[in-house]
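Trainee: This is what each chain is made of:
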Amino acid sequence: MDGNFNPKWDDLIQPGRVHGSLYYDEAIFKEEVEKIWFKTWVYIGHESEVPEKNDFVTKSLGPMPVLMARDSNGEIQLLLNRCPHRGNAVCVQDKGNRARFTCPYHSWTFANTGELINYAFPEGYKGTDKSSLGLSKVTRVASYRGFVFGSMAADGPTLEEHLDGAKGSIDLLCDNSPTGEIQISAGFLKHRTRANWKFILENECDGYHPAFVHSSIFSVSDSAIGDLYGDAAVAVTRSLGNGHTEVDPRPEFRRRDKPLSWFGTTPDRLPDYVRQMNEAYGEDRARQIMIDGTPHTMIFPNLFIAEIQIFVIQPISATESVQHSTAIQFKGAPDINRRLRQQTMGSVGPAGFLLADDTEMYERNQRGLEIRQPEYLYLKRGEHRERRDENGYLIGHSTDDLPSRAIWKHYREMMEDK
Amino acid sequence: MSTDVAEIEGPDILKEWVGKSRVYEKSFNPQLYHEVQQFIFREARLQDIHDYDAWEELWTDDALYWVPANGTDTDPEKQMSLIYDNRSRIALRIRQLKTGRRHSQTPPSQLARVISNFEFLASDTDDIKVMCNTQIFETNLRGDTMWASRNEYSLRRVDGALRMAYKKVVLINNNKAIYTLSFLV
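So the protein lines, in turn, are chains A and B. Position 113 of the first sequence, counted from 1, bears residue number 113 in full-length UniProt numbering, the numbering being contiguous throughout. Position 9 of the second sequence, counted from 1, bears residue number 9 in full-length UniProt numbering, the numbering being contiguous throughout.
Hint data in this document are derived by calculation from the structure and do not stem from the laboratory. All values reported here derive from a predicted model rather than from experimental measurement. Careful: at least some of the hints might be erroneous.
Here are some of the chain A residues that sit facing chain B, going by a computed Cβ distance under 7 Å [said to hold, decoys possible]: (1) Leu159; (2) Ser215; (3) Met345; (4) Gly349.
Among the chain B residues that face chain A by a calculated CB cut under 10 Å, a handful are [as the list claims (entries may be wrong)]: (5) Gly71; (6) Ser81; (7) Ile83; (8) Gly100; (9) Asn117; (10) Val185.
Glycine is no exception: its CB is placed at the ideal position from the N, C-alpha and C atoms.
Full structure from sequences and hints, please.
Mentor: Encoded structure:
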């Protein structure tokens, strides 16, 4: 606090409680687009989605579409799909391979670096500086271990500064691949929900809900996920800085001390993968990686690494969002990859055993806020048992509201331009 | 089935959504047509009224229930699908619905579906292959939703009765962001 007293935010975001209008007020949504989505580092896509030169995919940055392309030099470009002439889309395909994009309206043609190559009937533009009429681009582009982020702000923290403790989560994920690389190659399920994006963001590391929202699937399958989120669980929640949060189940997995227990399987079921891991890391290190498993980390504001899949949260309006989800694939590990896809398809997307019900909750929460009393949502669970881990990060019980409190603290700093 | 067939070559445009060319039956067997239609109408009714056990009994032991995403002829062994259930996962889906705690179906969606455009496909096995179009009206706590799909079935006679060995549901908007789809489609 630098004496910059802001009564609006003091009123809306208080210790352990937040005002309902933060989830439905369109004016606040517009402010979020400017102060969060068009400012911070936002996850766009993964380099493996455009493996070849001139590949492109349509992605988004907040509510805005973005073309992620690999140019003819192999560099990742984040282009804004709006012809500088009259605003038409220069590309209407979801994905493809092309070096040039031609606007259908007046045939302006752009390279996949954004540069304007030519326009029709050029004599009418005599003396015009073509270099000022290229496609706009996302202002800053950076990637970490293949994860591509974009920021519309010219200045600000670097991507690695922004990721803070979440960098370790990405490292942990990649370590689970015998090649140290993951791939996003299976296409996305796109799940629309009539709810504010922050209900999704907060739910990702909410360890209080699974025992209830997902009891239907836990009771009829042999899933061991439920054990991580009971009252007696030893898993923890952690604030990783800058609004990033995680549920860290490693204490539970280390107690079990069984490789691949995190994935609900055993080494004899995935012999090729286990052999590859041993060859890549040596048996001791491989064993530890396979005990610890993959992370459960929500990278603010839109990338959720959910053990075996990723979710990308896209805000559409104050009351509408899309969750994009797909299986994570470990480069060069086909036997585990099939299981990763099969389990992901069972769990997520509009028909998923888990996500259909999470999404039902988001929509009921959203409708609930039309009831205007009480005005605030209550986020105090586990406040009394927050503590610091050996690295100084705040941790709590796996069922505590600590992730929500961390998210709102960072959210407020962003909305107040701190 | 007759070997008197005609291949209908579709245009290349929109092949991603219409799907590969198929070999349609040219001959017409009114009795079989009636039997297959009645079977699919009954399947639709069991889905609409959430008679989960009766619907599950329609499947063969080697069943495959597939709802692709992002296209019609995607490779379900490489690409994400909305549903890609073998027989045991169909059973799991039903067991979850029957707990009464499948929140997205509690209360259940109110449904009515209309099925039309039956066409038989040439089959090189004893399975009967048939395609049809479906429109589904759904209303639930969120509101009203319209769904539309092209369906493809492989039906098999088991102990005298028809059973489903394969059902593929291609939602027309399966490349778009869609709402929760937790009723039986």
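Trainee: Evaluate each hint against the coordinates.
Mentor: Hint check:
1. Leu159: Violated, about 27 Å.
2. Ser215: Result: holds, 5 Å to nearest chain B Cβ.
3. Met345: 5 Å, holds
4. Gly349: 6 Å, holds
5. Gly71: 9 Å, holds
6. Ser81: 6 Å, holds
7. Ile83: This hint holds: isoleucine 83 (chain B) lies near chain A, its Cβ roughly 5 Å from the closest one there, short of 10 Å.
8. Gly100: 8 Å, holds
9. Asn117: 24 Å, violated
10. Val185: 8 Å, holds
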